[in-house]
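J.: These protein sequence lines are chains P and B, in that order.
For the first sequence, our numbering gives the first residue as 1, with consecutive numbering after it.
For the second sequence, our numbering gives the first residue as 1, with consecutive numbering after it.
To be clear, the hints were calculated from the coordinates, so they are not data collected in a lab.
Source: prediction; values computed, not measured.
Hints are not guaranteed to be accurate.
It does not matter which identical chain is meant; a pair holds if it fits inside one copy or across any two.
Stated by the list, open to error - 20 Å max Cα-Cα, derived EDC-like pairs, lysine to aspartate or glutamate:
(1) Lys-219 to Glu-50
(2) Lys-284 to Asp-89
(3) Lys-219 to Glu-97
(4) Lys-98 to Asp-38
(5) Lys-287 to Asp-89
(6) Lys-234 to Glu-197
(7) Lys-298 to Glu-34
(8) Lys-234 to Glu-279
(9) Lys-147 to Glu-257
(10) Lys-241 to Asp-170
(11) Lys-147 to Asp-74
(12) Lys-241 to Glu-166
(13) Lys-75 to Glu-257
(14) Lys-230 to Glu-97
(15) Lys-126 to Asp-237
(16) Lys-147 to Glu-127
(17) Lys-317 to Asp-170
(18) Lys-287 to Asp-74
Number of protein chains: 2
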Amino acid sequence: MYIGVDLGGTNIAVGIVSRDGSLKYDKSIPTKRERKPDEIIRDIINVINEIIKEYGVERETIKAIGIGIPGIADKKGNVIQCVNLNWTDIPLKTPMEKELGIPVFIDNDATLAGLAEYEIGVMKGKESGVFITLGTGVGGGIIINGKIHTGFNNVGSEIGHMIVGENYYDCNCGRNGCLETFASATALINYTRKLIEEGNSETIINEKINGDLNKLNGKIIINAAKEGDKLANKAVDRLVKYLAIGIMNITSVIDPEIFAIGGGLSRAGDFLLDKIRNEVSKNKYFKALPVGKVVLAKLGSEAGIIGAAMLGKSNVK
Amino acid sequence: MYIGVDLGGTNIAVGIVSRDGSLKYDKSIPTKRERKPDEIIRDIINVINEIIKEYGVERETIKAIGIGIPGIADKKGNVIQCVNLNWTDIPLKTPMEKELGIPVFIDNDATLAGLAEYEIGVMKGKESGVFITLGTGVGGGIIINGKIHTGFNNVGSEIGHMIVGENYYDCNCGRNGCLETFASATALINYTRKLIEEGNSETIINEKINGDLNKLNGKIIINAAKEGDKLANKAVDRLVKYLAIGIMNITSVIDPEIFAIGGGLSRAGDFLLDKIRNEVSKNKYFKALPVGKVVLAKLGSEAGIIGAAMLGKSNVK
């Protein structure tokens with residue numbers, strides 16, 4: 001058995017996962033991210049101890065613990081940076097191993113969701129694959145030859161910060177043109193808001209949000225687009241345009257066998273998938289260029305826990 | 001012994017290379033690219049037979065032949081596309097093996113120059129590295145865990161077609177914003193020409209080319225920049241800006257241990273290297289981000305032959 005921890009900005013989800021990647025038991029607590037790191041780490045340790053007890057498994061049968069963080073860790077298991085949690089240079093592996101006596105491994109949450117899609121999801125059996133999560137930001141998980149690839153300094157697969165064009169606003173990172181400023185749910189909301197604020201009132205979105213732009217969310221925009229709303233489709237198409245550039249850029253570097261689209265926006269389903277596939281095929285740098293297949297991810301929010309557990313498994317067999 | 005073939009748009013260079021990557025004997029003939037593919041292939045076969053004879057080596061000691069092409073091949077050794085040579089879907093491995101009775105392997109020329117830098121150049125001993133060639137176009141060679149990585153469909157490492165911004169002219173591939181429209185020698189010449197044509201006459205370049213814009217080349221522009229010429233530095237700095245975005249984009253995907261800058265423009269030496277390093281460090285998406293070291297490639301034009309021979313070696317030990 002393995003334990004997976006999905007440490008998010010809002011909740012901490014912890015689960016017991018079998019060797020074959022099935023989630024046996026899980027529990028979630030609020031992160032309360034305004035707290036100090038050691039208080040949050042203390043909570044994670046407590047929940048791990050709780051689920052071991054509640055699920056009634058022998059402590060010795062837990063071979064490893066994996067933790068997915070919304071940021072970047074180094075290879076020693078220290079958090080280098082987690083913008084959402086306001087963590088910089090926080091040791092995570094060492095203090096947890098000391099307390100729990102079980103090996104702990106850390107990696108980026110999107111990377112681990114990608115690993116879950118590789119172990120039991122749509123990327124299973126593929127030589128290489130890239131998982132792209134479209135949520136608050138844009139994250140990536142890269143599998144090459146059956147292993148997660150995070151690079152020499154562990155800062156790879158941060159595809160949300162790949163520059164793909166010029167945008168009308170800067171990224172939180174201070175640069176301009178990052179994929180996540182075009183292709184995240186946040187970007188979709190920002191651009192739709194901009195279109196409406198510029199006086200494009202002929203949209204059914206206005207009705208859905210009762211004129212209150214703060215009520216805008218990805219789901220409302222996607223649904224309006226599905227209903228044929230022009231403004232909503234303009235916003236979705238812009239997202240898709242840059243996402244396709246991102247997919248082609250990744251192809252131009254590592255050319256994976258498959259791309260799996262996950263995260264909140266992927267719930268738009270085939271409506272979004274068809275648009276992406278269309279745009280990717282228009283974006284080839286020569287007509288006959290073979291490009292990895294683009295599909296929707298299969299796992300939902302449990303991908304984070306499962307992938308984290310699978311990280312443990314890949315390190316301690 | 002191995003034979004390496006560097007098939008270029010202008011010349012075909014063929015050489016005999018030892019196991020340890022040293023070039024023992026080589027010969028070059030003009031490509032005459034306006035000819036039909038089978039005439040060019042016939043010439044390559046003839047030169048291979050000639051150098052075996054002239055160097056006086058037993059045919060049986062040649063374990064394999066590698067060929068670097070200025071384009072993309074599939075994994076079966078067929079040329080998918082070579083824009084320079086106007087080749088599309090041309091079988092290359094099979095006809096050559098039939099004639100020569102020696103195993104033949106094909107890959108992209110920049111990929112193989114990168115392999116040469118990995119085997120005997122500046123990337124030697126590194127876990128992963130990306131070779132970037134700045135010439136007529138921009139090419140790439142990617143090494144991951146000691147092996148060339150060209151991806152599932154063999155179309156990876158085409159980093160010249162990574163989109164990194166918006167440009168004032170389109171790429172030959174029909175898209176806008178490809179790295180090679182910003183960072184190749186051609187791009188440097190195009191942009192310098194544009195600045196001069198727009199009426200920026202205060203430049204020592206005008207004197208160097210006697211007012212004839214057709215005499216512009218990378219060397220003249222780089223030398224003018226080294227002498228402190230404002231216009232030349234503006235053009236070089238623009239190239240460097242987008243090259244740094246390209247380097248950061250590659251980092252955001254695969255995060256290699258090292259980047260090696262080669263190709264004609266790399267002869268600008270430390271002048272260019274310092275500018276690139278500076279711009280890369282300004283381009284991090286967070287301050288403490290560790291990024292692979294950027295260095296100048298070590299091998300010159302012989303990298304193509306050596307890398308091609310090393311491709312043969314990696315396939316037939």
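J.: State for each hint whether it applies.
T.: Hints versus structure:
Taking the shortest alpha-carbon separations for Lys-219 and Glu-50, neither the intra-copy value of 35 Å nor the inter-copy value of 68 Å comes in at or below 20 Å. When the C-alpha separation of Lys-284 and Asp-89 is checked against a cutoff of 20 Å, the pair qualifies only between copies, where the shortest distance is 17 Å, while the shortest distance within a copy is 41 Å. In this assembly of identical chains, Lys-219 and Glu-97 lie within 20 Å of each other by CA distance neither inside one copy nor across copies; the values are 40 Å within and 57 Å between. For the homomeric pair Lys-98 and Asp-38, the shortest alpha-carbon distance inside one copy (14 Å) is at most 20 Å, but the shortest distance between copies (68 Å) is not.
Taking the shortest Cα distances, Lys-287 and Asp-89 sit within 20 Å of each other only across copies (12 Å), while inside one copy they are farther apart (46 Å). Taking the closest pair of Cα atoms, Lys-234 and Glu-197 come within 20 Å of each other only inside a single copy of the chain (15 Å); across copies the shortest separation is 38 Å, beyond that limit. For the identical chains of this complex, Lys-298 and Glu-34 are neighbours neither inside a copy (33 Å) nor across copies (51 Å), given an alpha-carbon limit of 20 Å. In this homomeric assembly, Lys-234 and Glu-279 come within 20 Å of each other (Cα to Cα) only inside a single copy, at 14 Å, whereas the closest approach across copies is 35 Å.
In this assembly of identical chains, the alpha carbons of Lys-147 and Glu-257 lie at most 20 Å apart whether taken from the same copy (14 Å) or from different copies (18 Å). In the homo-oligomer, the alpha carbons of Lys-241 and Asp-170 lie at most 20 Å apart both inside one protomer (18 Å) and across protomers (17 Å), since each shortest distance falls under that limit. For the homomeric pair Lys-147 and Asp-74, the shortest alpha-carbon distance inside one copy (17 Å) is at most 20 Å, but the shortest distance between copies (24 Å) is not. Taking the closest pair of Cα atoms, Lys-241 and Glu-166 come within 20 Å of each other both inside a single copy (13 Å) and across two copies (14 Å).
Taking the shortest alpha-carbon separations for Lys-75 and Glu-257, only the inter-copy value of 14 Å comes in at or below 20 Å, while the best intra-copy value is 27 Å. In the homo-oligomer, the alpha carbons of Lys-230 and Glu-97 never lie at most 20 Å apart, since the shortest distance is 54 Å inside one protomer and 57 Å across protomers. Within a single copy, Lys-126 and Asp-237 get their C-alpha atoms no closer than 29 Å, and across copies no closer than 41 Å, so neither meets the 20 Å cut-off. In this assembly of identical chains, the alpha carbons of Lys-147 and Glu-127 lie at most 20 Å apart whether taken from the same copy (9 Å) or from different copies (15 Å).
Taking CA atoms no more than 20 Å apart as the test, Lys-317 paired with Asp-170 passes in neither setting, with 44 Å inside one copy and 51 Å between copies. Taking the shortest alpha-carbon separations for Lys-287 and Asp-74, only the inter-copy value of 15 Å comes in at or below 20 Å, while the best intra-copy value is 40 Å.
Going through the hint list in order, the structure does not satisfy hints 1, 3, 7, 14, 15 and 17.
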